[in-house]
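Kindly produce the complete structure, drawing on both the sequences and the hints.
If you read the protein sequences in the order shown, they are chains A and B.
Quick note, the first sequence lines up with residues 1 to 490 if you use our numbering.
Quick note, the second sequence lines up with residues 491 to 980 if you use our numbering.
There may be inaccurate statements among the hints.
With a Cα cut of at most 25 Å, we get these calculated SDA-like pairs of lysine to any residue [stated by the list, open to error]: (1) A:489 x B:968; (2) A:96 x A:160; (3) A:489 x B:973; (4) A:180 x A:153; (5) A:489 x B:910; (6) A:423 x B:891; (7) A:465 x A:372.
Hint data in this document are derived by calculation from the structure and do not stem from the laboratory.
Number of protein chains: 2
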Amino acid sequence: MTPSKAAVIGGGVIGAGWVARLIENGVEVAVFDPAPDAHDKLEAVFANAERAYAKLTMAARGGKGEWRLCGTIDEAVAGAQLIIEAVPERLELKRKVYSEIEAAADEGALIASSTSGLLPTDLQAEMAHPARFLVAHPFNPVYLLPLVELVGGEKTASEAIERAKAIFAGMGMHPLHIKKEIDAFVADRLMEAMWREALWLVNDGIASTEEIDDAVRYGFGLRYAQMGIFETFRIAGGEAGMRHFLDQFGPALAWPWTKLMDVPDLNEALVETIASQSDAQSGGHSIRELERIRDDNLIAIMQALKANEWGAGNTLAAYEAKLFDSGAAKSDAVDFSQPVTTLERTVPPDWTDYNNHMNEARYLQCFGDATDAFMRMMGVDADYIATGNSFFTVETHIRHLDEVRVNEPIVALTQLIDAGGKKMHLFHKLFHRDGGLLATGEHLLLHVSLETRSTSEPAAHVAAKLAEVMALHAKLPVPEGIGRAVGQKR
Amino acid sequence: MTPSKAAVIGGGVIGAGWVARLIENGVEVAVFDPAPDAHDKLEAVFANAERAYAKLTMAARGGKGEWRLCGTIDEAVAGAQLIIEAVPERLELKRKVYSEIEAAADEGALIASSTSGLLPTDLQAEMAHPARFLVAHPFNPVYLLPLVELVGGEKTASEAIERAKAIFAGMGMHPLHIKKEIDAFVADRLMEAMWREALWLVNDGIASTEEIDDAVRYGFGLRYAQMGIFETFRIAGGEAGMRHFLDQFGPALAWPWTKLMDVPDLNEALVETIASQSDAQSGGHSIRELERIRDDNLIAIMQALKANEWGAGNTLAAYEAKLFDSGAAKSDAVDFSQPVTTLERTVPPDWTDYNNHMNEARYLQCFGDATDAFMRMMGVDADYIATGNSFFTVETHIRHLDEVRVNEPIVALTQLIDAGGKKMHLFHKLFHRDGGLLATGEHLLLHVSLETRSTSEPAAHVAAKLAEVMALHAKLPVPEGIGRAVGQKR
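What follows is the structure in C-alpha cells.
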C-alpha cells in the first residue's frame, strides 16, 4: 500500500512532518519549497522526528527513504504516486500549485491537500483530473499524531479515498473519512470552539493562559486522550445511557449556551495579554524544548494506551506489528554461524531511575525482548503462540557490567547454549553501540502448553530450527561469565 | 493538612467519588443521601475506586478511612472538618442544605460545593457563616482525575481557599483557584463550547458520535492530556512565539468563528440521533466496563506523564512521595529478626505479555523495588542519594517458579545474606499473597559514589544499620535456591 515515491509541496511544519513520516516508512520523497532556509527548517523537523521514532516502538525500524529538495514542482512530482500539498491557506495559491502539479504528475498519482479548512470541492474546481484529489488533514506533530481527516470534494472518486486510507493506515496513522464537506472539517471545528471560549476567558480576565491550560491538562484533557466527547458523557449518563444523559443534563447545559456567543475581538490589547501570559507560562522552555517535551509525552501516552489495547495505542500496535513482520521476514537472511542481533534500540527516558542510568529491571526487559526476537527466528511467533504453545523463562542470571544512559543506542547479540527436548538455554550480551559490554543475560527456558501451563515438546519445525542453529552455535566459543552464581569468585 | 473527619452530602457519582478519595486518604467520612439505593450506588463507585487505587502507584497505600451512611444531615456533619455538598444543581435545594449543615456543623468546618456551574456568591448568600464556604468543582472520576476548581464567592475568606488548596493537594489533587466568578467556571466553559459544536456536527449530519470521538482521541485529545490550548498553539507559532501565532493564524481562525454561532435545538430528533449513534459506537461495552477502561487508561496516562515529570504525572509523583514518606516513617517499627516485607502490590494490566502472565522483566522490577525499599530502611533514602551516594546492582539471579496474573496481590520478603564494606548481598522471595512462592531474586550490590561512578564506602549510619540487621539475619536459615547458576542440577 505504501508508495515507493512521493512528493511534498511546501516544507513548513506540516509539510516537513509529512516528509518525516514518509521517509521513516521507506518512501523516497522529493520536496519543493522555494524558501531559502527550507533545507534547514526541514532538517530541524527531521531531528525531532528521528528522536521521536527512536523511542516510539520496541520493533526494529525499517530502512529510511531518501529525500531531496527540488528546484521546481515539475521535478518534485515526476514519478510520484502520492503528492501532498502543504502550502499556505490561500485558495488561489493552492489552485495554481495544483495546475503546476497536474502538468507534470502521473495521471494515476493521488493528490492530497493538507488544508485545515478549505473545501475540497473549491480546491479541485479547476483541476483537469479532480477525481484523484482529496483533503488529507493531519495534526501537528504529523510524524507522531495518528489522526488524518480525509475529505473528498464533489468530484473526488471514492477509489481515491480508499487508496488514501490504505496508504495512511500503512504509515501508522488513523485515517478518518469525513463524509460531508464543511469548513474546518471536524477536529478543528471542535478546537475552534474551545479556542473562542478560551479567548473570552482571557479577555474577561477570568483566568490566565496558564490557568486555562491547567484546567485542560489536569482534567478533561486526560479523558480526551482516550475517549471522546460522547463516550465520556455516555459514562456520565450511567447504565441508563446517552438518552438519559441528554434528558438529565440537556437543560443544565442549555443555560450557559445562551451566553457569550459573540466573537471576541482579537485586538492589540488582547494579543498583548495572551502573548505576555504565554511568556510567563512557557517562556522557561524554548520552542524546541517544548516540542520535545510534547513528543516524549505523546509517545508515553500512546505506549500507555497500547498496553491497554485502546484508541491511539491500537494504532501504534498495528504499526508495530507491521514492523515486527518485516523484521521476521528479514530473519530468513540471518547468518546463524555467529551470535545473532536480537535487539537494536535506544534507551528511552522513562527507563532511568534515581541513579540517572537505565534501571536494572530494564536490563531484563532488553533480554526478554531479545529472547522474544530469537524465539521468533526459531518459528515461535504470534501464529505459533496462537496454537497454544510458547516458551517460559524459568531461570535468569544477569551481570550488570556498565551503566547506560537515556538516548544511548544499545544492541543485543544472542548465542544458543543448549537446545533439545523442551529446553532452550540462551546467553545474551548487551552492548553499547560503541562496543562497550553493558551486561550479560543467561536464561533457561522451557517449552510449555499454554492450555495446561505445563511443559511440553515443541512443534517439529521449531525443534528442527533450534537443532540447525545449535549445530552452528556449538562451534562458537563458550561465553565468558556463563554458569556463574551471584557473588562467586572469578 | 488532611482532615480526620469529613462529611459528604449527596451520594451520586460525584459525591461517591469524593468519599472514595477521602477514605483512600485515611479520612473518616459520614455520608448523607436519602435515596433508598444509596448504599449500593456508593459501593459500586468504591469498587471501581478500589480497583483503580490498587494500580495507581507502586507505593504502599495508607490505611483506609471508615465510611458510614447517616440518616440526617445533622448526624453526618457533626464533628466534620470538611463538608462537601454534592446534591443536584438547584440553587434553592443547595441553600436549604447549607442551612441544615450550618445548624449542626462546627463553626470552623470548611463547606465546599461540588457545583459545576452555580456561582458561590449566590450559593452562600443566605449562610450565617459564608466566609468558610467555597466551590470545589471536581471532575469525574473524582477518585482519579487531579483537577479541582476552587472558586470563592464575595463573602469567601481567602483563608478558606488556602485551607482547601492544602487539603485537596494533600489528597493527590491539583487545586486550581479560579479568581473571578463566572457561570460554569473555566473547564466546563471550554467543554461546553466543544459540546455545542459537536451537537451541531451531529445535527447537520457531518459526522457521527463515533467519528467525532475519534477526531478527538486520535488527534488533539492526545495533546490536551499534557499541554493545554495556549501552550500547544505557542509551539505552532515557532520560535517567534505566541504573538506571531496570533498574527499568523488570527485572521484564518476568525473565519470559521463567524458561522454557526446559534444554539442547536436539542429536540427529540437530535436526541434520538445521538442516542442511537452512541449505542452503535459504545453499546458493546456496559457502562461499568467503560468506566474501568477509562480508569485504566487514565492511570496509564498519568503514570506515563509521571515518568516524563510533566503535568498530571507530577501530581501523581507528589502524592506517591507522600506515601513513600509515610511508609518510611513506619519502617522504624520493622521487626528485623525476620525477613522484612519490602513490596506489597497488585499486578497491573500492562505488566502482562503474550503468555497472559506477568512478564519476566517485571519480576526484576519487583525485586528492584524491593531492594529500593530495603535500602530506604537502611538509610539509603532520597536525602542520602542527594549526597551523591547509592548502591548499584552488579549481579542478579532469578528463579521463575510460578506464574502470576493481572490484579493478583503479590508480596516480597527480603533477607540480608551478607553486608560489610561496599557489599550488600540480598535474597528476595516473591509470594502470591495466598502464600505460593512465585520467584526468588538474589542480588549483589556495591556502594558507589554517584560523582565518580566508582565503588566507595557507605556512610557510617548506613554501615551501622546494615551491621545491626546482618547480626539478626545471620541467625536465619540459608534460603533454598541461593548460590545457583542457571541450569545447575539441584
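Hints and how they fare:
no.	hint	in the structure
1	A:489 x B:968	19 Å, holds
2	A:96 x A:160	21 Å, holds
3	A:489 x B:973	12 Å, holds
4	A:180 x A:153	9 Å, holds
5	A:489 x B:910	17 Å, holds
6	A:423 x B:891	16 Å, holds
7	A:465 x A:372	15 Å, holds
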